[in-house]
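Chains as they are written, first to last, in numbering that gives the first Met the number 0: chain A, 0 to 92; chain B, 0 to 409.
No lab work stands behind these hints: they were computed from the structure. Some hints here could point you the wrong way.
Take a look, some chain A residues computed to stay more than 10 Å from chain B by CB distance [as the list claims (entries may be wrong)]:
1. Gly24
2. Asn61
3. Lys76
4. Glu77
Derived BS3-like pairs: lysine-lysine, alpha-carbon spacing no greater than 30 Å straight-line [as the list claims (entries may be wrong)]:
5. B:Lys246 x B:Lys92
6. A:Lys69 x A:Lys12
7. B:Lys146 x B:Lys124
8. A:Lys69 x A:Lys51
9. A:Lys51 x B:Lys287
10. A:Lys76 x B:Lys290
11. B:Lys287 x A:Lys42
12. B:Lys292 x A:Lys69
13. B:Lys4 x A:Lys12
14. B:Lys92 x B:Lys249
15. B:Lys393 x B:Lys333
16. B:Lys121 x B:Lys4
17. A:Lys12 x B:Lys124
18. B:Lys124 x B:Lys246
19. B:Lys121 x B:Lys249
20. A:Lys76 x B:Lys287
21. B:Lys121 x B:Lys246
22. A:Lys12 x A:Lys51
23. A:Lys42 x B:Lys290
24. B:Lys290 x B:Lys333
25. B:Lys406 x B:Lys395
26. B:Lys333 x B:Lys92
27. A:Lys76 x A:Lys12
28. B:Lys406 x B:Lys393
29. B:Lys249 x B:Lys287
30. A:Lys42 x A:Lys76
31. A:Lys12 x B:Lys121
32. B:Lys287 x A:Lys69
33. B:Lys249 x B:Lys4
34. A:Lys51 x B:Lys290
35. B:Lys121 x B:Lys150
36. B:Lys333 x B:Lys395
37. B:Lys287 x B:Lys246
38. A:Lys42 x A:Lys69
39. A:Lys69 x B:Lys290
40. B:Lys124 x B:Lys150
Glycine included, C-beta positions come from ideal geometry on N, C-alpha and C.
Listed here are the chains, written in short residue letters.
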Amino acid sequence: MPITVRIPTPLQKLTGNQAEIAAAGSTVQGLIDDLERQFPGIKGRLCDEQGKLRRFVNVYVNEEDIRFLKQEGTPLKEGDEVSIIPAIAGGSC
Amino acid sequence: MSYIKGLRCRECGRLYPAEAIYVCEFCFGSLEVDYDYDRMHGVVTRALIESRPQNLWRYRELLPIDGDPTVGFHSGFTPLYRAERLAHALGVKELYVKDDSVCHPTLSFKDRVVSVAISRAKELKFDTISCASTGNLANAVAALAAKAGLKRTIFIPADLEMGKVIGSLIYAPRLIAVEGNYDEVNRLCAEVATRYHWAFVNINIRPYYAEGSKTYGFEVAEQLGWRTPQHLVVPAASGSLLVKIWKAFKELHKLGVIEAPQTKMYAAQAVGCSPIVTAIETQSDIIKPVKPKTIAKSLAIGNPADGYYAADAIRETGGWGAAVTDEEIVDGMKLLAQTEGIFTETAGGVTVAATKRLVAERRIPRDESIVICITGNGLKTQEAVADHIGRPIKIKPTLESFEEHVKEKS
Numbered sequence: 000m001p002i003t004v005r006i007p008t009p010l011q012k013l014t015g016n017q018a019e020i021a022a023a024g025s026t027v028q029g030l031i032d033d034l035e036r037q038f039p040g041i042k043g044r045l046c047d048e049q050g051k052l053r054r055f056v057n058v059y060v061n062e063e064d065i066r067f068l069k070q071e072g073t074p075l076k077e078g079d080e081v082s083i084i085p086a087i088a089g090g091s092c
Numbered sequence: 000m001s002y003i004k005g006l007r008c009r010e011c012g013r014l015y016p017a018e019a020i021y022v023c024e025f026c027f028g029s030l031e032v033d034y035d036y037d038r039m040h041g042v043v044t045r046a047l048i049e050s051r052p053q054n055l056w057r058y059r060e061l062l063p064i065d066g067d068p069t070v071g072f073h074s075g076f077t078p079l080y081r082a083e084r085l086a087h088a089l090g091v092k093e094l095y096v097k098d099d100s101v102c103h104p105t106l107s108f109k110d111r112v113v114s115v116a117i118s119r120a121k122e123l124k125f126d127t128i129s130c131a132s133t134g135n136l137a138n139a140v141a142a143l144a145a146k147a148g149l150k151r152t153i154f155i156p157a158d159l160e161m162g163k164v165i166g167s168l169i170y171a172p173r174l175i176a177v178e179g180n181y182d183e184v185n186r187l188c189a190e191v192a193t194r195y196h197w198a199f200v201n202i203n204i205r206p207y208y209a210e211g212s213k214t215y216g217f218e219v220a221e222q223l224g225w226r227t228p229q230h231l232v233v234p235a236a237s238g239s240l241l242v243k244i245w246k247a248f249k250e251l252h253k254l255g256v257i258e259a260p261q262t263k264m265y266a267a268q269a270v271g272c273s274p275i276v277t278a279i280e281t282q283s284d285i286i287k288p289v290k291p292k293t294i295a296k297s298l299a300i301g302n303p304a305d306g307y308y309a310a311d312a313i314r315e316t317g318g319w320g321a322a323v324t325d326e327e328i329v330d331g332m333k334l335l336a337q338t339e340g341i342f343t344e345t346a347g348g349v350t351v352a353a354t355k356r357l358v359a360e361r362r363i364p365r366d367e368s369i370v371i372c373i374t375g376n377g378l379k380t381q382e383a384v385a386d387h388i389g390r391p392i393k394i395k396p397t398l399e400s401f402e403e404h405v406k407e408k409s
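With the hints as constraints, model all of the structure from the sequences given.
Okay, structure coming up:
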């Protein structure tokens, strides 16, 4: 069972309008590299020139923000669900 | 008579059409409305604004709609007044309260942003309005969407204060209580938004919605006699309000309506959720998300979307920030009530307490003008203070009983 990646609307043009992708990788970093192999250009959207995730890109592994885990080094296993979500506003002020 | 040119990425500057989109496809930066200021110049004047009814639409050229507004004809233009007694308590000379605890119709500044969001969503032909909310936004969306005759589905964290739940349910939205904190509700909504063609005011309508906050800043300047204060203290959750008030001042200046603003901007947060203040205090370029733990639930956003821009505005203006404890928040609410007769919600307590701290720490000088932003009403968060304000004196309906108890107390 591969890892399921949920793709946000702004990136679905790159994935042929697929909202969910099956991908592989032992870490978030590896997963992004695999996405790039499947959909060339996607890494450039998610990461800056140094290969770090852009500051407005939020990545969640099984609903947990990877900034509370090990960032790009967060380990992944078969069956994990990964969501890529742009930063969003809200709340009171 | 639209002044909207389109949307522009705040990070990389790419341009987009003024549709229901909110994020740059290339760098994930958020999109912001781009106006034709050149054409506004000489049109938007003090005289024009002052000739209009006292609601948020008196600044309509600077708001992102093409045609006429749909709702919000009684929202905004809330009181701004000199708070002598609070000033005395804080030991400062010139203090003003801008009081959105009485904003029409749902008693928070969210009536402003939602009025703009719904008016724009109608122009974009949506029939359903939605949002992720800590409560105030839910109330405003539920009420104003009802008024606009639109369907409404609202997502809230399941542990919200009862006043905010009832304050939404009365308008008969589909109210979804999510077992999780606000950041989790928001993440869920972002995913729901990709599958349903709804106007999520704080997601796909965000570029328009957020502009509504500027009206708070326009009013502060207008009500001070077309000038800006030297210091302005704003409660910060996503950080958007602080950013937009500063933008409002700059826009008025750009159009020649006011002098160049010299205001220093300050963020007020709770200790249990202070990612923006922490970034300011540690002079960090990173806004590190946190897991919120505070009674100020309307500020409990651990992952503030506008945190970077709020920190930028604070640094640009030479302001600062303060994070206060739950105890200070309750004391702040009581102080505002007992000096100025305003019952604000927990977020207002945060603002008062943070102002007190900033003055005590000499971040804000005692002899310069200060505006504090009160954005919501205390009747919605009664649980926060219920155990800290004493009890009624119970007596029998006799003069004897009255005198016995009152004497006892005095």
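A quick look at each hint next to the structure:
no., hint, verdict
1, Gly24, "20 Å, holds"
2, Asn61, "12 Å, holds"
3, Lys76, "21 Å, holds"
4, Glu77, "22 Å, holds"
5, B:Lys246 x B:Lys92, "26 Å, holds"
6, A:Lys69 x A:Lys12, "29 Å, holds"
7, B:Lys146 x B:Lys124, "16 Å, holds"
8, A:Lys69 x A:Lys51, "13 Å, holds"
9, A:Lys51 x B:Lys287, "15 Å, holds"
10, A:Lys76 x B:Lys290, "25 Å, holds"
11, B:Lys287 x A:Lys42, "23 Å, holds"
12, B:Lys292 x A:Lys69, "22 Å, holds"
13, B:Lys4 x A:Lys12, "25 Å, holds"
14, B:Lys92 x B:Lys249, "26 Å, holds"
15, B:Lys393 x B:Lys333, "22 Å, holds"
16, B:Lys121 x B:Lys4, "19 Å, holds"
17, A:Lys12 x B:Lys124, "23 Å, holds"
18, B:Lys124 x B:Lys246, "28 Å, holds"
19, B:Lys121 x B:Lys249, "29 Å, holds"
20, A:Lys76 x B:Lys287, "26 Å, holds"
21, B:Lys121 x B:Lys246, "25 Å, holds"
22, A:Lys12 x A:Lys51, "22 Å, holds"
23, A:Lys42 x B:Lys290, "28 Å, holds"
24, B:Lys290 x B:Lys333, "27 Å, holds"
25, B:Lys406 x B:Lys395, "15 Å, holds"
26, B:Lys333 x B:Lys92, "21 Å, holds"
27, A:Lys76 x A:Lys12, "27 Å, holds"
28, B:Lys406 x B:Lys393, "13 Å, holds"
29, B:Lys249 x B:Lys287, "28 Å, holds"
30, A:Lys42 x A:Lys76, "21 Å, holds"
31, A:Lys12 x B:Lys121, "27 Å, holds"
32, B:Lys287 x A:Lys69, "13 Å, holds"
33, B:Lys249 x B:Lys4, "18 Å, holds"
34, A:Lys51 x B:Lys290, "23 Å, holds"
35, B:Lys121 x B:Lys150, "12 Å, holds"
36, B:Lys333 x B:Lys395, "29 Å, holds"
37, B:Lys287 x B:Lys246, "24 Å, holds"
38, A:Lys42 x A:Lys69, "19 Å, holds"
39, A:Lys69 x B:Lys290, "16 Å, holds"
40, B:Lys124 x B:Lys150, "12 Å, holds"
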